[in-house]
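Protein sequences, first through last, are from chains A and B.
Counting in my numbering, the first sequence runs from 1 upward without gaps.
Counting in my numbering, the second sequence runs from 1 upward without gaps.
The reader is advised that the hints may include incorrect statements.
Only some residues are given here: those of chain A computed to face chain B with a beta carbon under 8 Å [as the list claims (entries may be wrong)]:
#1 Thr33
#2 Leu35
#3 Ser47
#4 Ala48
#5 Gly57
#6 Tyr64
#7 Met67
Simulated from the structure, these hints should not be mistaken for laboratory data.
Built from N, CA and C at the ideal position, the CB exists for glycine as well.
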Amino acid sequence: MIVFNNKAFDFVENTTIAQFIELMKDQLIIENTALLITVNNQLISPSAIYTKIIYDGDIIKTRYLPMGG
Amino acid sequence: MWKTIRIDSNNNTIKSENYKDEYLGLGGRSLIAQFLIDEVNPTCDPLGEDAKIIFCTGMFAGSGLVCANRLSVGAKSPLTNGIKESNVGGSAAGALAGHNIRAIVIEDIPEGDAAMKIVLIQSNGTISLEDASPYQGMNNYEFVENMQNNYGEKVSVISIGRAGERLYKNSSLQVTEFGTNYPCRAAGRGGLGSVLGSKRIKGIVIQKSNKKNTLEFANQEQFKKIKKELNQSVIESSKTSPFSLVGTASTIDLVGPAGIIPTHNFTGDISENIENLKSDKFLEFVNKNGKNQHPCQAGCLVKCSNIINDADGNFLTGGFEYETIALCGPNCDIYDYEAIAKMDRICDDIGLDTIETGASVALCMEAGLIPWGDAQAALALYQQISDGTDLGNLLGQGTGEVGRHFNSKRIPTCKNQAMPGYDPRGSLGTGYTYATTSMGADHTAGITLGPDDPTDIEGAVATSNLMQHIFAMADSMTCMMAMATLGGQLDKVAELYNAMYDGNLNPDDLFAAADKTLLLEREFNEKAGWKPEDNVIPEFFRNEALPSTGKRFDIPVKLLSMKVKQ
Ligand code: SF4
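Make the full structure from the sequences, and use the hints.
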């Protein structure tokens with residue numbers, strides 16, 4: 001099981017964070033993939049999501065990239 | 001294919017140089033950092049002969065990528081005495097890219113009281129220095145009008161007003177906006193207008209190139225395909241983005257009630273008048289005579305800008321942004337869009353950083369020079385800056401100098417640069433950025449604001465470090481509004497880069513490039529004399545609690561002065 005933004009989802013093996021985020025977008029859980037992501041409270045760089053794999057039990061939280069003008 | 005134009009302002013020579021191979025793939029902020037570290041002695045006088053001012057387009061300028069026609073201006077800042085990169089939209093970067101110009105480097109200073117010059121880039125690519133003496137003393141709107149009369153209505157202009165001519169440390173460079181062609185876009189921070197003024201250059205005037213776009217791509221088909229996907233993603237996300245639907249003023253809905261917007265010289269006292277500035281009121285104000293959703297540059301699909309007209313329907317200002325509203329408005333207890341828009345116009349006209357100026361005016365109010373909230377009295381101060389009175393000259397020296405003049409104990413600066421529109425007690429990570437970035441207090445160096453902005457020190461520091469990298473990346477490629485979507489597709493951005501530059505980068509490499517930019521900037525500042533112990537947040541943010549949350553800025557001084565882990 002993966003907890004994504006406080007909701008439970010099935011764990012999918014051999015999935016990168018980026019692929020999981022894409023899944024969440026396809027399911028309309030999130031609108032935009034430009035995110036600050038923590039996995040088990042650890043902040044993950046947006047460049048690392050393409051190589052880091054998710055593990056069963058991971059707790060993933062996201063927030064939109066902070067921007068301002 | 002890309003060129004660097006090198007102008008010696010003392011000998012009045014212009015050279016067109018082939019672009020260095022090792023600079024290929026750099027752009028905007030990353031290129032500024034590399035140029036400055038390679039060519040400028042960090043200990044130089046920012047307004048002296050060894051200083052240079054550099055204009056660079058972003059790495060995808062002219063390519064049709066969304067929001068990529070961004071111009072970075074870089075120099076040693078006379079305000080912070082450190083490296084400064086200030087970037088701006090408008091029509092100039094696109095026009096330069098049309099001439100295959102990636103960078104303009106202006107060096108040296110003329111001897112004595114030389115007449116000012118204009119750098120003229122003609123449609124056929126000819127570049128010359130023209131006499132600007134008839135325009136000396138003019139502010140930006142009148143200057144641009146003259147340039148349009150002389151060189152064509154559609155010219156792009158980068159210019160300074162009286163503030164830059166008088167070497168004010170809060171002077172901006174103004175750039176004409178796409179569509180309106182008024183000089184309402186500002187490379188505002190760090191007083192870089194004065195660096196151009198010290199070289200006796202009034203402006204750079206660019207006619208549209210009469211050649212077809214000759215940008216080279218390693219794989220044009222691939223580039224087009226990825227560009228289309230990325231642009232489409234920005235179109236999609238813009239449908240719900242408040243920056244697109246309202247503008248950057250939408251930030252007030254979050255930071256106003258939360259007490260994060262600076263009010264009453266960063267006391268954080270929340271006024272019920274903040275309601276006057278929320279998104280609905282902003283839209284009401286803008287759409288009364290003007291419009292929002294205006295693109296500041298060709299190829300913008302987010303359109304966070306706007307056109308503000310006066311009561312008679314005449315253009316008043318454009319690019320009316322959150323930072324201007326926050327500092328010139330609530331920070332001075334002014335909650336009236338009409339008055340703040342006038343301040344924006346006068347700042348753009350004189351060529352002043354609205355953040356620095358708004359923060360300075362608040363200090364005048366705190367000192368009792370004019371009453372709090374008195375918009376007319378504030379506007380009269382702006383006029384004094386334009387007129388160059390003694391008080392106007394003081395205000396032109398920046399917030400730090402104004403505060404010291406009035407013996408204020410509450411000067412909201414880091415590295416002598418005024419804080420932008422987020423109180424560091426209300427956004428701890430943003431405060432960490434203000435204190436630690438090489439740019440001085442600067443929101444474009446990496447804010448952490450928003451729902452879930454960490455309130456714990458560890459989270460705030462980690463988020464700030466990450467955002468400092470993301471902003472360094474954005475500032476080299478596109479405006480940050482586009483990065484709010486592209487930042488989730490760094491795999492495709494890397495592919496886009498490879499298709500243009502024949503590279504072999506992956507997302508981690510893009511991050512590593514941002515890291516290198518930050519390291520070069522830090523190296524420059526260390527050589528310029530910045531010390532880790534200079535990384536401080538003014539004491540009053542530690543001693544006074546933010547009224548809305550009761551929080552003080554509590555990141556330990558020691559943590560701020562530690563070498564930032566890149
Ligand atoms: S999003 Fe805003 S700042 Fe960026 S290019 Fe468009 S109008 Fe300019």
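Each hint tested on the structure:
1. For A:Thr33, the interface hint holds, since its Cβ comes within 8 Å of a Cβ in chain B; the closest pair sits about 3 Å apart.
2. Hint status for A:Leu35 relative to chain B: holds, with the closest Cβ pair at about 6 Å, below 8 Å.
3. For A:Ser47, the interface hint holds, since its Cβ comes within 8 Å of a Cβ in chain B; the closest pair sits about 4 Å apart.
4. Satisfaction of the interface hint for A:Ala48 is found here, the shortest Cβ-Cβ separation to chain B being roughly 7 Å, below the 8 Å cut-off.
5. Interface hint at A:Gly57: violated, since its Cβ lies 21 Å from the closest Cβ of chain B, which is beyond the 8 Å cut-off.
6. A hinted interface residue such as A:Tyr64 counts as satisfied when its beta carbon comes closer than 8 Å to some beta carbon of chain B; here the least separation is about 6 Å, so the hint holds.
7. Interface hint status for A:Met67: upheld, as the beta-carbon distance to the closest one in chain B is roughly 4 Å, under 8 Å.
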